[in-house]
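**Student:** Okay, here's what each chain looks like letter by letter:
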Amino acid sequence: MEAVVEATDLEKTYGETVALSRASLSVARGEVFALIGPNGAGKTTLVRALTGTTEPDGGSARILGASPAAVDRDRLGVLPQEFSPPGRLSARELLAYYAGLYDDARDPEDVLADVGLVDAGDTWYEDLSGGQQRRACVGSALVNDPDLLFLDEPTTGIDPAGRRTVWRLIEDLADAGTTVVLTTHDMAEAERLADRVGLLADGSLVAQGTPTDLVQDHGGSSRLTVETEADPDAFADLAYPVDRPERTRGRTPDGAVVVRDIDPAAIGTVVDYLETHDIAYTELSWAEPDLEDVYLALADATERERTDRLESESGDADLAQAGETA
Amino acid sequence: MSRMGRVRAETSAGWRSFVRRRTAVFFTFFFPVILIVIFGALIRTDPTGEGLFTEPAAYYVPGYLAVVVLFTPLSRMGSEVARHREGSRFEKLATTPLTRGEWLLAQTAVNAAIIGLASLLILGLVILLTGAQIAFSPLLIPYILIGVVCFCGVGAMLGSYTDSQDGAVAASNAIGLPLLFLSETFISLSQLPSWFGPLVNLSPLTYFARGVRAATYAGAEVSTVAGIDPALANLGILTALAVIAFALGARSIPRTD
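Read top to bottom, the protein sequences are chains L and B.
Under the UniProt record's numbering, the first sequence has 198 at position 198, and the numbering climbs by one with no breaks.
Under the UniProt record's numbering, the second sequence has 46 at position 46, and the numbering climbs by one with no breaks.
All clues stand as given, with none of them false.
Under 8 Å between C-beta atoms, here's a sample of chain L residues computed to sit facing chain B: (1) E55; (2) L76; (3) E82; (4) F83; (5) P85; (6) P86; (7) G100.
Since the hints were made in silico from the structure, they are not lab data.
C-beta atoms are modelled at their ideal positions from N, C-alpha and C, and glycine is treated no differently.
Whole structure, please, built from the sequences with the hints as guidance.
**Tutor:** Structure, rendered in structure tokens:
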């Protein structure tokens with residue numbers, strides 16, 4: 001399938017901070033590609049490098065068959081992450097303004113309806129709610145009916161109903177053949193919208209694939225969460241692996257023990273075990289691994305690698321200093 | 001959409017944004033008015049005395065016009081560029097067909113409209129309050145327009161090379177104030193040390209002041225340039241400087257981080 005976005009070994013540093021490190025990706029026509037990763041992982045820098053608003057230090061990028069700086073801008077739609085358009089234009093005027101910059105723009109009224117702002121169309125941008133503002137910004141990226149759309153955290157600050165409006169909009173665009181690259185911290189958003197997901201950590205794309213493949217490869221096992229104060233040792237005779245994850249690990253509540261690799265049909269055996277061994281519990285919940293587990297697993301692994309590397313470098317420096325002193 | 005269409009869209013958005021900031025509109029017009037009231041009506045000119053303001057009232061018309069032709073573009077463009085940068089608006093515009101030159105042209109058109117209106121107000125007040133007798137030369141229009149182009153370019157550079165709106169406004173004041181008083185606007189060349197004379201020639205505002213004075217004040221002692229009528233020659237020099245300032249200003253506008 002024809003690649004609409006192609007990046008090879010993109011590098012970018014700001015001072016001593018590495019924003020991108022040999023980041024490579026390819027996005028096919030009509031595909032929705034979601035970039036996920038912790039804050040500072042390099043998502044926005046990657047989007048900027050692909051849209052020509054930052055110059056990478058190394059590597060190459062092509063979008064719509066041209067370099068980002070030379071691409072036909074009538075075919076490109078971009079929503080920057082911290083975009084704040086003129087505050088004293090109404091939502092309607094704002095979309096008309098951006099539509100006026102293109103050769104063959106959509107009717108701004110249609111875009112206003114698409115982003116669910118018809119009723120607030122005459123309200124100044126600065127008087128809209130945070131979610132409405134973000135939807136107006138999303139609209140500004142759609143006025144030219146782009147072939148390739150970059151959305152940097154499109155639903156940040158939007159309430160659940162507004163978020164679903166934007167999701168449906170992106171799904172409709174993708175169905176109509178628009179290629180979409182989006183960044184998000186919302187794993188449900190990535191899982192629902194993306195054909196493929198790329199996880200960025202420390203400037204590197206550490207994993208790419210369909211949500212299903214990523215979950216299969218990196219998500220770990222299914223888990224039964226038992227909310228209990230009992231020690232994990234109390235589960236020693238259970239025929240499944242058990243652990244008490246750290247409090248920081250995602251959605252696991254405080255005072256919970258997680259039983260892994262367990263089929264839903266076998267949950268009854270755990271209940272029997274709890275009763276037989278007189279283990280008090282308040283709640284049981286079973287879950288398949290999902291993209292959030294992938295995110296946490298890979299982000300944790302990258303963080304551990306970085307810590308090990310820093311410790312190793314620090315150790316080498318200490319040794320070198322000791323050698324010099326001797 | 002043609003280039004004109006893009007400029008029209010940007011101009012329309014810029015104009016609406018400006019007129020809806022009421023305090024900005026008020027002080028844009030209040031600033032020159034208060035200067036005319038202070039210098040023209042309270043201090044008054046004294047052709048027989050010594051020191052400042054010894055020329056007839058008409059001599060200072062270029063100075064009063066320079067207040068808006070210089071300060072409004074410098075401060076407005078400086079803060080507008082900073083505001084665009086802080087709101088990632090240039091990042092957005094860089095991905096649209098609008099070029100930097102078109103953006104600056106649109107902002108210049110907005111400034112030209114504002115400054116055109118302010119200039120009319122200034123001329124009316126100067127005549128009313130100081131009794132200045134001036135000729136209404138049609139050359140006033142290109143002088144004001146080209147002056148606006150020139151200082152919009154300089155303002156764009158200030159906004160691009162400072163790191164905040166506050167910085168842009170402070171820089172525009174720091175550059176604007178010396179230029180206003182040392183460009184043969186309110187202080188004639190004879191009142192300055194002789195060694196300072198060549199520096200006056202470096203200011204684009206000098207050519208604005210000399211040319212406007214030659215065009216509007218019958219008693220002006222403005223020398224010809226290479227045998228060309230000073231009203232036209234200074235307009236030519238100002239135009240050349242405006243082209244350079246506009247090109248540099250457009251080039252300075254950030255397209256990338």
